[in-house]
Amino acid sequence: DQQVKQNSPSLSVQEGRISILNCDYTNSMFDYFLWYKKYPAEGPTFLISISSIKDKNEDGRFTVFLNKSAKHLSLHIVPSQPGDSAVYFCAASARAGNMLTFGGGTRLMVKP
Amino acid sequence: GAVVSQHPSRVICKSGTSVKIECRSLDFQATTMFWYRQFPKKSLMLMATSNEGSKATYEQGVEKDKFLINHASLTLSTLTVTSAHPEDSSFYICSARLTLRSEQFFGPGTRLTVL
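Top to bottom, those sequences are chains V and L. 77 is the number of the first residue of the first sequence in the working numbering; add one for each residue after it. -15 is the number of the first residue of the second sequence in the working numbering; add one for each residue after it.
By construction, these hints were calculated from the structure, which means they are not laboratory data.
Within a straight-line C-alpha distance of at most 16 Å, the following computed EDC-like cross-link-like pairs (lysine to aspartate or glutamate) qualify:
id, chain 1, residue 1, chain 2, residue 2
1, L, Lys48, L, Asp72
2, L, Lys4, L, Asp49
3, V, Lys81, V, Asp100
4, V, Lys130, V, Asp107
5, L, Lys26, V, Glu118
6, L, Lys25, V, Glu118
7, V, Lys144, V, Asp107
8, V, Lys147, V, Asp131
9, V, Lys113, L, Glu87
Pulled from the structure, derived: some chain V residues nowhere near chain L, Cβ distances all over 10 Å:
id, residue
10, Ser84
11, Glu91
12, Asn98
13, Ile129
14, Glu134
15, Phe138
16, His152
17, Gln157
All figures in this text were calculated on a predicted structure; none of them were measured in a lab. The beta carbon of each residue, even a glycine, is placed where N, CA and C say it ideally should be.
Using the sequences and the hints given, assemble the complete structure.
Below, the structure is given as structure tokens:
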């Protein structure tokens, strides 16, 4: 049973436009959510996080939105750049162990 | 951000041999380190949680006698794949958690190929 799902395996966006990556979760115990970016043959790189007490967190070109009632979060990248092309994983943790449960990832391709 | 290193980055071994992978937090102390495995085009699967000075906690389906984890210090955890088989070939990634914070910082990963 996948507790964290990223239903879009891939996304293609034109440079300069907005990229929106979506993530859904089922476990109501999750209270901390993170987005990671991953290049092939490298470890994930932390991008941005959000606590369940907030509904939005912004850091430069990256904004994460959390809709607790819908158990849905999204990552917005604007403007998108070719260097943003990578696989993006959302992850969630519950207060108790802080171990992360990852979604399946979405491959973002930003075309020049 | 915090830096986590892994060594080796790539290893090829014969079936039946054991391979040790090191994970180090370079500029911070990590009471907890995590070991993940990634299959091609798949998500990261948590294998075990490693706490300094105590036994690792393994996820369901992960053989603790096959994947030996030692977290001897606040900056070093090791994963030993014992009696490796070709199906153990994978990309192994460790992460370290800053104490009292939820962000995990990941190592660059180790590509294991068992012939």
